[in-house]
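Number of protein chains: 2
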Amino acid sequence: MALIVQKYGGSSVADAERIKSVARRIARTKEEGNRVVVVVSAMGKTTDELIKLANQVTSRPHERELDVLLHTGELVSSTLLAMALKDMGHEAISLSGAQAGIKTDATYSRARITRIDPKRVVKELDRERIVIVAGFQGITDEMDVTTLGRGGSDTSAVALAVSLGADACQIYTDVDGVSTADPRLVPQARRLSEIGYEEMLELATYGAKVMHPRAVELGELFNMPILVTSSFNDSPGTLIHGGIEMEVRNKARGIAYDLDVAKVTVVGVPDRPGIAAAIFEPLARANISIDTIVQNASIENITDLTFTVARSQLERAMEVVEPIAKSIGARECVSDSRLGKVSIIGTGMQNTPGYAARMFSALSDQGINIQLISTSEIRITCIIDEARVKDAVRVLHRAFELEEEAEN
Amino acid sequence: MALIVQKYGGSSVADAERIKSVARRIARTKEEGNRVVVVVSAMGKTTDELIKLANQVTSRPHERELDVLLHTGELVSSTLLAMALKDMGHEAISLSGAQAGIKTDATYSRARITRIDPKRVVKELDRERIVIVAGFQGITDEMDVTTLGRGGSDTSAVALAVSLGADACQIYTDVDGVSTADPRLVPQARRLSEIGYEEMLELATYGAKVMHPRAVELGELFNMPILVTSSFNDSPGTLIHGGIEMEVRNKARGIAYDLDVAKVTVVGVPDRPGIAAAIFEPLARANISIDTIVQNASIENITDLTFTVARSQLERAMEVVEPIAKSIGARECVSDSRLGKVSIIGTGMQNTPGYAARMFSALSDQGINIQLISTSEIRITCIIDEARVKDAVRVLHRAFELEEEAEN
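Protein sequence lines correspond, in order, to chains A and B. For the first sequence, the working numbering assigns the number 18 to the initial residue and increments by one for each residue that follows. For the second sequence, the working numbering assigns the number 18 to the initial residue and increments by one for each residue that follows.
Careful, some of the hints might be misleading.
Identical copies carry no separate label here, and so any pair may be met within one copy or between two of them.
With a Cα cut of at most 25 Å, we get these calculated SDA-like pairs of lysine to any residue [stated by the list, open to error]: (1) K226 to P253; (2) K69 to G106; (3) K343 to A44; (4) K69 to H107; (5) K136 to V412; (6) K140 to T323; (7) K136 to K268; (8) K226 to I390; (9) K37 to N72.
Calculated directly from the structure, the hints in this document are not laboratory data.
This is chain A alone, in the form it adopts within the complex (with noise of 0.2 Å):
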């Protein structure tokens, strides 16, 4: 009898009927013989909702407090669908983070998971009954509930899976699976039936939005094969695992883009050693994620410094650099707000040369210009415009024959 843990999100679960349907499909993996643990998400926007309300008690809500109240969508829509299937005759029962075992460490908003005890979880399972566990949430050793941060349930989900040995670990969503690319941008875009982990990363970290990348990462470290499908119809969905044929790698396998770009640069820096800390820890002390950091050659020991950051934290961003850059004697600080990026993604391109050039060659043959380029061993980033960037997903999609590959 195979043990499978199965995770909805938030648009699966998002009113009454959906929630009946995601039960029926519950139903059927129990009734085929399956043991089934099912993670979920907190029902549509019910997270954002309760942001709200927070927001109107105070400007700064406390993080304890905000995990508390968070937590309580995914209690929602766990009981709701435990409900669900007891109404149509199977066994259920729902479990909040903590009865189910998880634990994590105490920082509030974006806990990591410190171990699983799923004690409570085999029990139920030992009694036949179907495990509801409501994800995104875990208790700190002080019996304090936490919440892993926006996606945190993909990250129970495989979690869950490895403490108990799964066999099989789906991710249901609203779309079929991994694409070459986001086929709202470009119809000609193929689901591939598989991808290997690290691959996923870079694809989730550059902006699909399919799986969380901790949830990724977790499931590459324990080697744990996560189908990610379609709640919504019978797709065979996307297995992520690290058993990747050498053929099938040797490829650019997805396009990845991201439209919430801002880029801060710091003009006229003089080039001198300690420079790049003394912007850089402030920044880290105020919370704020850096993503891509260039810095150009230097000019008679002037340089240009430039990073990219969330759009929604640009002003923050800005308030901590400008009095640092005239304490250095920078000449200025100047931000761009309507930036995006595009990335090409595939382990092929490991010391494979010539990608790079044919990416930047297919944006410029469309007049795309390039403002900053960041790469890693199985990835290229472009940020560009941010209104050239759908064109540019498009003809990299084209460029790199993505729609034309034999699916593996």
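Position chain B relative to chain A; hints supplied.
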């Protein structure tokens, strides 16, 4: 330094503005040099909305799951209140019923508190924090969430006050305290500055909505004085306690009423032993709460048996009783759902003749027909036509000179 337990009901925390206003009241209590524990209900109509959500998923929500669902309402309000206090610069922390150590049995939807282990509450008080406890909820020894039934937050508050040895237990609500009658019906109604536990218990049980009877009972059992007062103004409120002076006791104290009464009469019942049991045991098994029971004196070994139930239970009660009536050879079952009850309450009535007579003649002077009568040592209740209940309250308030009494 006094330890004060305060409880705020749903209407006192119905929106962000009211939560902030309650926070200011709590802050004042703390600033006066007290240690403060606050019990809070769910915001406004939250509980009803959650029940509606459950009913969209299933027509018979499973009790364990429903309890987990409903207890989130108090988690939300308690975290928002803690946030509001922290925003005002006060140290505050929210605790769930489980974290506050409120242990219950496993009778979901109406759990009884078995014991309280207030370790965490005391620890947080010792750290100079205001402790906000989510009302209406507890946890079983198996760590499953339970709820205490409607009005359970009053019970949470009194139980916590008892277990912490609090110096005061204050119930904040949307009325000024306990009145001689509902002020919306009787403009001359006066707030009582104090009332005995037993009188309050009868008032609460017989329709005064100010406080939940279970909580009054608990206060009486442990001799914990309870102040009922308004969260909207600075009314001195009503102190419920056991030390009422003899002189004050010797009076009718208040009028209660209830518009939610339905009556079932089994007509022509053969009067032999076991008949009452044959009727009421199946009703109890069907979980139908019976209020008043009246059996007429039998004529020629034939009697009529009448009982009242809440209107929502009438249909179910008839379904249970009709086949039984047939099987025991009764003539028929009749019901009437348009009834109400009015009660006069006061320890002064114990061993004092004349109260009942005064009540009956006041009603009859107004042409109000009495359908059933039930009494306790400190209460007389008449069941009458629903349409005349409000008249009856006004008439009795005048007949017992409740508006004229100098307040003690």
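Checked hints:
{"no.": "1", "hint": "K226 to P253", "result": "within (19 Å within a copy, 57 Å between copies)"}
{"no.": "2", "hint": "K69 to G106", "result": "between (37 Å within a copy, 21 Å between copies)"}
{"no.": "3", "hint": "K343 to A44", "result": "neither (63 Å within a copy, 43 Å between copies)"}
{"no.": "4", "hint": "K69 to H107", "result": "between (36 Å within a copy, 22 Å between copies)"}
{"no.": "5", "hint": "K136 to V412", "result": "neither (51 Å within a copy, 64 Å between copies)"}
{"no.": "6", "hint": "K140 to T323", "result": "neither (54 Å within a copy, 49 Å between copies)"}
{"no.": "7", "hint": "K136 to K268", "result": "neither (43 Å within a copy, 60 Å between copies)"}
{"no.": "8", "hint": "K226 to I390", "result": "within (22 Å within a copy, 69 Å between copies)"}
{"no.": "9", "hint": "K37 to N72", "result": "between (32 Å within a copy, 12 Å between copies)"}
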